[in-house]
Amino acid sequence: MTMPLIELKVSSPSREALVDITERVQRAVVESDPTLSGMVNLFVPHTTAGVTINEGADPSVARDIVEGLTRFVPREAGYRHSEGNSDAHIKASLIGCHVAVPVELGRLRLGTWQSIYLAEFDGPRTRRVLIVPAPA
Amino acid sequence: MTMPLIELKVSSPSREALVDITERVQRAVVESDPTLSGMVNLFVPHTTAGVTINEGADPSVARDIVEGLTRFVPREAGYRHSEGNSDAHIKASLIGCHVAVPVELGRLRLGTWQSIYLAEFDGPRTRRVLIVPAPA
Amino acid sequence: MTMPLIELKVSSPSREALVDITERVQRAVVESDPTLSGMVNLFVPHTTAGVTINEGADPSVARDIVEGLTRFVPREAGYRHSEGNSDAHIKASLIGCHVAVPVELGRLRLGTWQSIYLAEFDGPRTRRVLIVPAPA
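So the protein lines, in turn, are chains X, P and V.
Taking our numbering, the leading residue of the first sequence gets 1, the next gets one more, and so forth.
Taking our numbering, the leading residue of the second sequence gets 1, the next gets one more, and so forth.
Taking our numbering, the leading residue of the third sequence gets 1, the next gets one more, and so forth.
Looking at chain X on its own, in the form it has when it is part of the complex (with noise of 0.2 Å):
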């Protein structure tokens, strides 16, 4: 069985961002199969990037969220990795690399003020985003 795995490419403007994908997701899902209800899950195959879910209204609040994470988790803390990136690293584990998202007839069934990022910690780069449709 061949399995509906869609790749999205993503760039990330800056070392440390948050990309908004929510459009690309769900146009992505609905091109796919247009009727399914279940889960949709994403996963990032990145070990300095990862996914969350977050107000999408007022870009403040994603400039928040990165400068945030950056005051308890410095990018110079005596780290050992010798690629100078270990704050990313750790920022990667926090926020994690895959979450699901509820669908129903094709629509994402995110809250209203909800929506899907790319987090980016050691950028810019093109990243990759896996999105596996799991119909209920």
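Hints may contain errors.
To be verified - Just the calculated beta-carbon pair ranges, DEER-fashion: (1) E23(P) to E7(V): 21 to 31 Å; (2) E76(X) to R75(V): 19 to 29 Å; (3) V30(X) to E31(P): 25 to 35 Å.
To be verified - Partial chain X-side listing against chain P, Cβ under 8 Å, derived: (4) G38; (5) M39; (6) E55; (7) D58; (8) R63; (9) R71; (10) F72; (11) E76; (12) L94; (13) I95; (14) A100; (15) V101; (16) P102; (17) L108; (18) R109; (19) A136.
Calculated directly from the structure, the hints in this document are not laboratory data.
Yeah, the Cβ is synthetic: ideal placement off N, Cα and C, and Gly gets one too.
Please arrange chains P and V on chain X, whose structure you already have, making use of the hints.
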């Protein structure tokens, strides 16, 4: 196809609290499909609340988690978002709005000490939790 | 219906450690269903351990994550819980006890640098990891 999506309403008692919803989730699963084996997805459609699984036996653990989060994500820290609840948005992304739990013949396969909590960071409010069974 | 739930036992070597379980998860998936395409769910039924995905190539990344978490969730901080392991409970909720990974024809679709880790915060102990395949 109709998705067997169940919606719980959960009242939180204070600005920050972990509200134990284990029994309500268990009951919803059994009422929906008493023979369900697979996973049950829990999704919180809010941006200042989340869902987490942690110890349910000693209520001081839930208080330590809430207070521990506030220690490194302070309520005031020069945030930009004008609603004054950026700390709650940051905590929501750290805790996450989705989790899935194994289910066997209608029973949640939680560990001995695990309870499921609605994690409130900007209450008191009435919150929603979406429950989506996923048969194996 | 019997759920194809697989249980791994994982020994952790110290109080805090990331234990790489990638190969064991891959083997369990192949033995359970070598043609599986969809997602595989991993669930840790403990309250002072979790599961995370991060870099596996340089072991200093895992150490940086463990030490970075301890920097902002200190072991002693006036916690109430009498067992003296509240830091471990907080870290477990930050990292999470569930993740799902895409699988294609029996192979985990992890990114090039990704490994799956049992995240131990109150060891050394023997921990359990539940594996639940979810065909697409």
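Status of the hints after comparison with the structure:
no. : hint                         : verdict
1   : E23(P) to E7(V): 21 to 31 Å  : 25 Å, holds
2   : E76(X) to R75(V): 19 to 29 Å : 23 Å, holds
3   : V30(X) to E31(P): 25 to 35 Å : 31 Å, holds
4   : G38                          : 6 Å, holds
5   : M39                          : 6 Å, holds
6   : E55                          : 4 Å, holds
7   : D58                          : 6 Å, holds
8   : R63                          : 6 Å, holds
9   : R71                          : 7 Å, holds
10  : F72                          : 4 Å, holds
11  : E76                          : 18 Å, violated
12  : L94                          : 6 Å, holds
13  : I95                          : 6 Å, holds
14  : A100                         : 5 Å, holds
15  : V101                         : 7 Å, holds
16  : P102                         : 5 Å, holds
17  : L108                         : 10 Å, violated
18  : R109                         : 7 Å, holds
19  : A136                         : 5 Å, holds
The structure does not agree with the numbered hints 11, 17 stated previously, though it agrees with the rest.
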